[in-house]
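**Student:** Residues per chain, in single letters:
Protein chains: 4
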Amino acid sequence: MAEVKIGILGAGRIGKLHATNLVNAVPGAKVVAIADLFMNDEIIDWAKGLGIEKCTDNPDDIFKDSNIDAVFICSSTNTHADFIIKAAEAGQHIFCEKPIHTDLNKIEEAIAAVEKAKVKLQVGFVRRFDHNHKKVRDTVASGRLGAPHIVKVCSRDPEAPPMSYVKVSGGIFMDMMIHDFDMVRYLSGSEVTEVSTFGTCVIDPEFKKYDDVDTAIVMLKFENGAIGVIDNSRRAGYGYDQRTEVHCEKGCVQVSNDLNDTSMISTAEGVICEKPTWFFLERYNNAFIAESVDFVNAVQNDTDVPVGGIDGLMPVKIAMAAKKSLDEGRPVKISEIK
Amino acid sequence: MAEVKIGILGAGRIGKLHATNLVNAVPGAKVVAIADLFMNDEIIDWAKGLGIEKCTDNPDDIFKDSNIDAVFICSSTNTHADFIIKAAEAGQHIFCEKPIHTDLNKIEEAIAAVEKAKVKLQVGFVRRFDHNHKKVRDTVASGRLGAPHIVKVCSRDPEAPPMSYVKVSGGIFMDMMIHDFDMVRYLSGSEVTEVSTFGTCVIDPEFKKYDDVDTAIVMLKFENGAIGVIDNSRRAGYGYDQRTEVHCEKGCVQVSNDLNDTSMISTAEGVICEKPTWFFLERYNNAFIAESVDFVNAVQNDTDVPVGGIDGLMPVKIAMAAKKSLDEGRPVKISEIK
Amino acid sequence: MAEVKIGILGAGRIGKLHATNLVNAVPGAKVVAIADLFMNDEIIDWAKGLGIEKCTDNPDDIFKDSNIDAVFICSSTNTHADFIIKAAEAGQHIFCEKPIHTDLNKIEEAIAAVEKAKVKLQVGFVRRFDHNHKKVRDTVASGRLGAPHIVKVCSRDPEAPPMSYVKVSGGIFMDMMIHDFDMVRYLSGSEVTEVSTFGTCVIDPEFKKYDDVDTAIVMLKFENGAIGVIDNSRRAGYGYDQRTEVHCEKGCVQVSNDLNDTSMISTAEGVICEKPTWFFLERYNNAFIAESVDFVNAVQNDTDVPVGGIDGLMPVKIAMAAKKSLDEGRPVKISEIK
Amino acid sequence: MAEVKIGILGAGRIGKLHATNLVNAVPGAKVVAIADLFMNDEIIDWAKGLGIEKCTDNPDDIFKDSNIDAVFICSSTNTHADFIIKAAEAGQHIFCEKPIHTDLNKIEEAIAAVEKAKVKLQVGFVRRFDHNHKKVRDTVASGRLGAPHIVKVCSRDPEAPPMSYVKVSGGIFMDMMIHDFDMVRYLSGSEVTEVSTFGTCVIDPEFKKYDDVDTAIVMLKFENGAIGVIDNSRRAGYGYDQRTEVHCEKGCVQVSNDLNDTSMISTAEGVICEKPTWFFLERYNNAFIAESVDFVNAVQNDTDVPVGGIDGLMPVKIAMAAKKSLDEGRPVKISEIK
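Protein chains in written order, with full-length UniProt numbering: chain A, 1 to 338; chain B, 1 to 338; chain C, 1 to 338; chain D, 1 to 338.
It is possible that some hints are incorrect.
Because identical chains share one entry, a pair is satisfied inside a single copy or across any pair of copies.
[Claimed, not checked] Taking lysine-lysine and the DSS-like style, the derived pairs with C-alpha atoms no more than 25 Å apart in a straight line are: (1) Lys250 x Lys208; (2) Lys30 x Lys16; (3) Lys5 x Lys48; (4) Lys209 x Lys250.
I should point out that these hints are in silico values taken from the structure, not numbers from a laboratory. This one's a predicted model, so the numbers in the text were calculated from it and none came from an experiment.
Using the sequences plus the hints, can you model the full thing?
**Tutor:** In structure tokens, the structure reads:
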């Protein structure tokens, strides 16, 4: 099978992460170029070390390069949709970090461009590739437990982000819980039809300044009759708390966190076990590799990507509905979001 | 300290359970009489075996017996409030199974009678005496984790009750989730101010006939700024699933189920562990004893009971608000319930 | 079925425990008398409270009482064999605390008397009635895992006993590990043929004064080809550590400890779980009741007792072999012990 | 820091594993050559894919290459000592797979050559780099639990090796338990002074043909007064069972296995959890990388390697003593092995 030549857009933390994985751990991938508006010597050195030949501060150098088969869009959120359109027009396959955009029209425009160009678009909902959540999904999807009744997701970050980030993050629903909205669709195998939100500021009153909350619970109804709930906290303190559970007709499947180690230290003072792995880079390390492997395979074999355009669109709609529910103090149907 | 002489009202499953515990496992208690509208030879033999001398089909024989210090009201729900009033008027201390009544006026009337008579009234929210839930509460109440942010309760019965019971149960919120409404007040140390409910019939469509659901999620807001969520299923299949969790400022305390044993059987097919204990009689066996011990102690020492009249009233209000939220498709404030 | 009238010999901790269980929790049992060489007012009051009518300082008052169907021998170890013989001669069924004696001839003499009188003799190896160890045994005995290959028992007391006790205890093998010798026979369903011992004094050098060790490991060979190992410590510090494991042809069954509760408290400092229950009274509380229930049932129904004379004899032989192995620095065959 | 240029000896499973790790995951390492007596096109292609330029069937091409700073000896056991000597004489640093040799004289000769040449020698006891076992060691070494009393290691392979391998393996003690002999030295921080072995053939009688056992328990005494025990099975069936535990003065530290995922599936039939990871490639994947990182760091910074020549020698002596104990039916002191 032919090697997939890849250009990376954005050399921030997530761009570097994908580049490194593609070089070291993804068979069949070759990273040939990287673009960043703020290209500098540090990035150039790092790219050299990985054997990436072309470094540029002009994204168009990627889209115009007929040698490039696929792009990884790892730039700031507001550029995602436009870059998708440009790549699609250039006939390049696309891996795009979430969210595609925070404006539904832009998302739909991007998806339309992808469909017209008949290129592949995979959205970076990395948690689907985690061994634990995948086990929940596979168990539910196998049908062995019967139909899902209750879908539960708990997601807590180890530490609250700086206010400089909160300001531009899009809020807890669009920035953080969006992963969980993807997760409930993935686990239940069904679309969300309605949400109801309770939120509170108990970690830091400053979240209020930005019309945001730091702690939130969202209830969900699904097309298939199931109901669900997500709880989010911007600060767990003890690490990255990522648990999912689906209760079905014949029983329940649930997963807890990966721990730093399996130790148990027993003394007169108590029994001490290890904490969850610290944050998403530790917890989803292998999942980041797995999603890239799947993308490259889909390109090489011309098969479907595992997370497509619709999977990029729906969580944004649910996030909008969740915020609207919080603001208006009432349940909101997804069909109200247009 | 003087022995507390006790009369039992109702010789059904729960009346027999309390009688047996009082006789065998509660120091300072003496069961002297039992009343049941359907008194029969089987009950009389059973009472004899426990050394209970007086058996009657007339509840008034209990209230009129000046030898009796306290009563355990274990009769059908619609009799609770009236029996409380009668016992209070007779100067007898009262342990009453939950709920006090499904009509708020009756509850308030009963509480007024108790206050007027200056007798003790303890309501049978037995889960507060479970070693696991108590550990969550004590950890939160100690303040070592800071203020509570998120309160979570999962409660699932092993099997759905027969439809004959569903018909008269008062519905999932008044019959089943009422325990969880008590639990969130107990764990958070704060009053519930608002709820929002999503419910569904996925176990048995017949629940709908009785204007009921078999699976429900209720979100809650608390006076202290915390938010919470309860999920209930009428049928877990694998046993009695009773887990609680409070996430606080500095960390999280959670408890899982008691298991039949701690075994782990590892084979090529998988690793098999034990199921949770089957139902409330198994899980809350020791808690039933503990609540009676506390009641008898409170009577003997003239100290406060651990679960008082207000604790009987509030969960009923929350249950009513939860049902109203389900019916009207909107969040409901507890202050709306009058 | 006729009530079994029971006399208790010895009103120490274990005698009181059995008496209380028989009165409160064992159907069909009636404790009618208790004997203790140091009978006093405190014991008499306690016995009254339980409804035990006869208190005496003369054991013969028990054996001579034709009203008594069965005895519980809870007196000091050196009296066990003689009391068994006396009870047998009186035609009374016998429950005897372990060990029967530390002299093999005395044990055999006692067993002979029991067989001659055709009464029942149950030995108090209470751990067989623990829900966890029983699950290991039942799993192995079911044959679903195939033949046992490796049998492992870990047993650690929370605190070292006082030296006054160590002096008369018979040593770690006869006093403490004897339970584990019973356990390996129970779990494997096979007889021990050879042992090899390593022991050390690391908790308190004073153990050496009494020709004892405080920490010991004993390897075992079984008739059925399996091998096994027991480790003992006189001081765990964190509670009563009682774990068993059998690895078989097709897999492994293991049990861990019962915990005080199932709590998990997660903070930045670590994750804290609960300790094992403190000591044998907490851990084997239900097992003490279960062994008495089984004994009373066997007497009432004239069926076999679950732990018979041979089960009293063999662990003593193994304990002797283990000590001999420690002393002589070589493996010792059980057949050498006579 | 200068890049460390590495030659690999042996292109079997373990040689390929190290080469891949060094290329993809070990900063500062560059694999420049690989030698294998049976060099072929498949190996050459694989090496090309990793960017390894030189492929040879003559080991001397490695030792004579003055460009090479260090070698990884991954060839068959009987070549290890000679290759160590050749590399040392060439002034090359050495990473050598375990065991160095099965003849003590050859090991000592190799160590002498290393010391004379003042090169580094690291032995491939990879389990020391596992996050779990390392946590046990670090906890013990920190002194927070006081002195070690009991050291326990359980090690079971998922499946028995083919008889063709058993024949040349050196036996269970030299081939399999040698890792555990290293582990007990590592965990206890003390030297083993005496062992006693019980072994049995219960998996496959054919092991006997090769003077071997398939299931074994070895007790150990340590210089510091602690005692320990290792149990080994050639076939667990459920995966790679690798647990360690050290009980100390003030408490116990233990680790269990890494699992495939953290799932718990609860149904009426039981609760199913995941199995341990399948075998050493899965369980010790990260540990293999970590040991190479440490080796390369030690070479670059001229610091001590974490597992030196004495760590290669001692486990071989203990393995010989364990086999002698099995053969002669008596405990054997390590000082007897010469």
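**Student:** Hint by hint, note whether the structure agrees.
**Tutor:** We went through each hint and held it up to the structure:
no., hint, in the structure
1, Lys250 x Lys208, "between (43 Å within a copy, 21 Å between copies)"
2, Lys30 x Lys16, "both (14 Å within a copy, 22 Å between copies)"
3, Lys5 x Lys48, "both (16 Å within a copy, 19 Å between copies)"
4, Lys209 x Lys250, "between (46 Å within a copy, 23 Å between copies)"
No hint from the list above goes unmet by this structure.
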